[in-house]
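Starting from the given sequences, assemble the full structure and let the hints guide the process.
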Amino acid sequence: MKNYDQGFRLEFGINGGLPFDNPYDYNLDADARIQYDLSKKYSVTRTRVFSTMFVSGKDNNLGYIPVKVGFKAFVLKDYL
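The sequence shown begins at 1 in UniProt numbering and counts up one residue at a time.
Honestly, I wouldn't trust all of these hints.
Computed cross-link-like contacts, EDC-like style, restricted to lysine to aspartate or glutamate with a CA-CA straight-line distance of at most 20 angstroms [to be verified]:
(1) 68 - 21
(2) 58 - 21
(3) 72 - 25
(4) 68 - 29
(5) 72 - 37
(6) 72 - 31
Don't read these hints as lab results, they were simulated from the structure. Please read these numbers as outputs of a predicted model, since none were measured by experiment.
Here it is in structure tokens:
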């Protein structure tokens, strides 16, 4: 196995969506993810999302900040 430089990656994204249920009309998210590559095939991640669900009228919008920790395994990369 070749020597692989471990390192951090920083990614940003913007997402939108349409909820299936009332009273919300649509949502917008902005996320930031940091990924640390343990090797060429394995990484650990941490994602923080700033999410807001918007509602029309006098009601208040719903904002929340979920945090996700994950593990990535690129097991089929050599076969595809």
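Hint by hint, here is what the structure shows:
no., hint, in the structure
1, 68 - 21, "violated (24 angstroms)"
2, 58 - 21, "holds (18 angstroms)"
3, 72 - 25, "violated (33 angstroms)"
4, 68 - 29, "holds (14 angstroms)"
5, 72 - 37, "holds (9 angstroms)"
6, 72 - 31, "holds (18 angstroms)"
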